[in-house]
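Protein chains in written order, with the working numbering: chain C, 20 to 347; chain W, 37 to 298; chain S, 79 to 362.
Because the hints were derived from the structure by calculation, they are not lab data.
As the structure is a computational prediction, the values presented were derived from the model and not from experiment.
Yeah, the Cβ is synthetic: ideal placement off N, Cα and C, and Gly gets one too.
Among the clues, some could well be false.
[Claimed, not checked] Lysine-lysine pairs mimicking DSSO-like chemistry, simulated, CA-CA at most 27 angstroms apart: (1) W:Lys61 - W:Lys41; (2) S:Lys216 - W:Lys114; (3) W:Lys41 - S:Lys256; (4) W:Lys117 - S:Lys184; (5) C:Lys112 - C:Lys272; (6) C:Lys214 - W:Lys260; (7) W:Lys115 - S:Lys216; (8) S:Lys216 - W:Lys41; (9) W:Lys114 - S:Lys256; (10) S:Lys256 - W:Lys160; (11) S:Lys256 - W:Lys180; (12) S:Lys216 - W:Lys117; (13) S:Lys186 - W:Lys61; (14) S:Lys256 - W:Lys122; (15) W:Lys112 - S:Lys216.
[To be verified] Computed footprint of chain S on chain W; a stretch qualifies when at least three of its residues, placed anywhere within it, have a C-beta under 8 angstroms from a C-beta of chain S: (16) 121-128; (17) 219-232.
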Amino acid sequence: MSEPLLLGLGLRASYVLRIGEVRAVDGVDIEVPRDAVVGLAGESGCGKSTLVNVLLANIRPPLRIKSGKILLDGVDLLEMSREEVRKKVWGVKVSYVPQSALNALNPTKRIIELVKDAITQHTPATDQEVVSLCKRRLEELNLPTDSIHKYPHELSGGMRQRVIIAISTLLNPRLLVVDEPTSALDVSTQKQVLKMMLDMKRNRIIDSILFVTHELPVLRQVSSHVYIMYAGKIVEYGPADSVFFNPLHPYTKALMYSVMTPEPETRERGLVAIPGEPPSLLMPPQGCRFHPRCPYVMDICRSSEPRLVPVGEGRGVACFLHHSEVAS
Amino acid sequence: MLEVKNLSKVFTVGLFSRHRIEAVKNVSMNVSRGEIVSLVGESGSGKTTLCRMILRLLEPTSGSIKYDGVDVTRLKGKKLKWYWRKVHGVFQDPYASFHPFYRVEHILYQAFNLLPGLSEEEKKIRVHEALKMVGLNPEEVLGKYPHELSGGMRQRIAIARCFILDPELIVADEPVSMLDASTRVGIIKLFSDLRDRMNSSVIFVTHDIGLAYVVSDRVLIMYKGVIVEEGDPLTVMDNPSHPYTRRLREDVPLLYRKWEGF
Amino acid sequence: MLRGVSKIISPELFTIRKLDASLAVLLTIFALGFVGSTVYPVQPTAVVGPLETPPSQLYPLGTDAYGKDILAQLIAGIRGSLQIGATAAAISLLIGVLIGLMAGYKGKIIDNLLMMLTDIVLLLPSILLMIMVAAYFKWRDPLLVSIIIGITSWPWVARAVRSQTLSLKNREFVNLSKMAGLSDFRIVIRDILPNIASYIFMAYVLLMSGAMIAETGLSMIGLGTTQGVTLGNILFWAQVLEAVRRGLWWWFIPPGATLVALAASLLMIATALDEYFNPRLRGS
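In isolation and in its complexed conformation, chain C is listed as follows:
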């Protein structure tokens, strides 16, 4: 097997605040293979956006990294200075489209000016070259080339998101990281945005996508692998089809059962509510973090924390119910 594109090992990161330490990422191993779309799913406040920032080595106070390694193409990002990461990694090897991107563009600048500002840090290309590069890229993705001369508000939400993603990968980074890229869009525009991202991968503009979202049906459509995160930890991972059809962790199961899609299966199985609320990362529960809400809770779950162990077929799960299977 070839080495993974991105590998995070033993990552721990916290927000150090006056009221205490928020352990948003608490011992996470994650792997993005080449030629893959990896979905990272979890609810708001589970630490998935923090994990993304950690993986990008975008660590600024109050966020602090406690331990771990981040290997991008075999290079440890945590060994590099922030300046080095900014120059040699962001936009060059990995591009990131945050959740806020859709509405955070400077409204007084045209798209092309925003691109120029961003790109001159990484390449000595002239303005002329940047413009033709942009146009070629938009053409390749079937987007209107004149949109680069428009202001952000002149583009519709879906078009703006597509243009943002297209130009943020102008330098052909190997990895594209997107955080809830479509949650503000209606379903038809959402589909167009998703399709374009997969086209980019097909056209080899990028190798892999790390897709962060709380919407499981979206992940189902695009991802080849999924990671399920709960309260700062990965509770389950594996190839997408296998996880979606046979979820092992009780939390993953519960999430699947709370999904409402217009399909006979969901209507027939009905809805099952998960009791309680996600825990605070300031004071997570002892033992397994899901145990207060888990229908299968056992004594051991209250006292000790289950490790994330491989269970075959490239899958892993952090639950005592499945540890015994491995043992026996």
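Based on the hints, put chains W and S in the right spot on chain C.
Structure of chains W and S alone, referenced to chain C:
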């Protein structure tokens, strides 16, 4: 029970140029007792405007709303209170529903303005009962300020208000769209509880065709201010007649099926 | 409501440095105005010494052309100006908030009429209006001057309160109150007003600084109060008797500087409060 007939709302923007926006165009619909109806549409489809008109929070430009045979379109004063006692609303944003200066029970005690003649003791009992019915521990939430509770808990309190009032029709405007997946189902179940326990009708106003499909007896699809399709969810999804519904069906991501060509 | 108030007096407020300095200046002037006369019990209107003496041991700020003590006048003037400023600001605030709330909440015709009135008052040069009204009365006590200033300086408050009310009245909690069948009056008082309380507080501080400057303006052209002493009418007499040309600096500099310090510190307090209530403006 509820009959909406040829309801329209036109917003005029600007003082002189009078730019007209027709948010809702000639919409007719009705809801019967004990029925769960979903009004589905994307943002800008006019669904929220329609819902505000039904709740009498917005004046319609033309058309009529009848409730139990009574024309409520222009009700005022005491009669309007009677209507709100029968038809009540729950809103999308569990943060904006609460005034940040008051304790959370404020919106519950407010409801007693529609139920005159209760003693303080009776009010207290009703508040406690309602909170228990929505799965909250009264001791835990009473006396708290809105920011001290999670979005899901706040939405439960907003629904507790409906349990106090015991209305015949509840209009819920995107009640779960700002909540997390794991808390959503619990909230949706409260509405079906209200139906089962009190035979209340519910109108879900939502952008989420999945939610509409799973919980409702009937769906209305709204597009550009017009109801373009209506029927029981299975038929509408299996056999959509309007192009918009067809597109919706094709583009909504599913859990058990993959899109073709992806 | 109570939490709104506790927010105003919370210790976090004092971490904003702008506030420390301007509050110190303001309190010093206040102390001078209100405690000054007990420490320095000289009658401001009494002729106490020789004419036009520069500051000395006996007369800390000298005397004016009639032999009246300037320090005593300054002390009384501060009190007079603050009283007019406070009263005039209260009057403007009352009118502005009432009109703003009504126009914003009621909308439609009421809004159009009230905003027309506001625009008219806003467009009329307020100093001209004040001159016209003031000239009509031969005797003007401080209250009348406050009223004259108060009824001409409310329009911007009304406009700002209206726009805030407009955005608040469509919030869900207002809709919930409406659906509980509460009266418009109760919704405005209990739901809307507390949300703009911090803004009203700020507007008051600004209005007060504006009113004191307006009082000086009126006094300088001889249309200020005809009773009592204010900073404005000390400056008026200094100007009439050509204190500047004749180099009698102790007569016009102290009241002038005090007025500037008062107005400036109030403005600073208003901006500091704005930063406090809008955390977005606070630098990181």
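Hint check results:
Pair hint Lys61 of chain W plus Lys41 of chain W holds up; C-alpha atoms about 11 angstroms apart against a cutoff of 27 angstroms. Of the supplied pair hints, the one linking Lys216 of chain S and Lys114 of chain W is violated, its CA atoms being roughly 54 angstroms apart against a limit of 27 angstroms. Taking the CA atoms of Lys41 of chain W and Lys256 of chain S, the gap is near 24 angstroms; set against the 27 angstroms cutoff, the hint holds. Straight-line distance between C-alpha atoms of Lys117 of chain W and Lys184 of chain S comes to about 19 angstroms, which keeps the hinted pair within the 27 angstroms bound.
The straight-line distance between the Cα atoms of Lys112 of chain C and Lys272 of chain C is roughly 35 angstroms, outside the 27 angstroms bound, and the hint therefore fails. Among the hinted pairs, Lys214 of chain C with Lys260 of chain W is consistent with the structure: their alpha-carbon atoms are about 26 angstroms apart, no more than 27 angstroms. For the given pair, Lys115 of chain W sits about 57 angstroms from Lys216 of chain S by alpha-carbon distance, which is inconsistent with the 27 angstroms threshold. With a CA separation close to 67 angstroms, the supplied pair Lys216 of chain S and Lys41 of chain W exceeds the 27 angstroms bound.
About 13 angstroms separates the Cα atoms of Lys114 of chain W and Lys256 of chain S, which keeps this hinted pair within 27 angstroms; it holds. In summary, the hint linking Lys256 of chain S to Lys160 of chain W is supported, as the alpha carbons are separated by about 22 angstroms, within the 27 angstroms threshold. A distance of roughly 23 angstroms separates the Cα atoms of Lys256 of chain S and Lys180 of chain W; the hinted pair therefore holds under the 27 angstroms criterion. Between Lys216 of chain S and Lys117 of chain W the alpha-carbon distance is near 56 angstroms, which puts this suggested pair outside the 27 angstroms criterion.
For the suggested pair Lys186 of chain S and Lys61 of chain W, the alpha carbons sit about 23 angstroms apart, so the restraint of at most 27 angstroms is met. The hinted pair formed by Lys256 of chain S and Lys122 of chain W meets the criterion: a straight-line CA distance of about 14 angstroms does not exceed 27 angstroms. Restraint check for Lys112 of chain W and Lys216 of chain S: not satisfied, since their Cα atoms lie roughly 52 angstroms apart, outside the 27 angstroms limit. Counting residues of the segment 121-128 of chain W whose CB lies closer than 8 angstroms to any CB of chain S gives 4, so the stated coverage by that chain holds, three being the minimum.
For a cut-off of 8 angstroms, the count of residues in the segment 219-232 of chain W with a CB near a CB of chain S stands at 0, and the three-residue condition is violated.
Hints 2, 5, 7, 8, 12, 15 and 17 from the list above are not met by this structure, while the remaining hints are.
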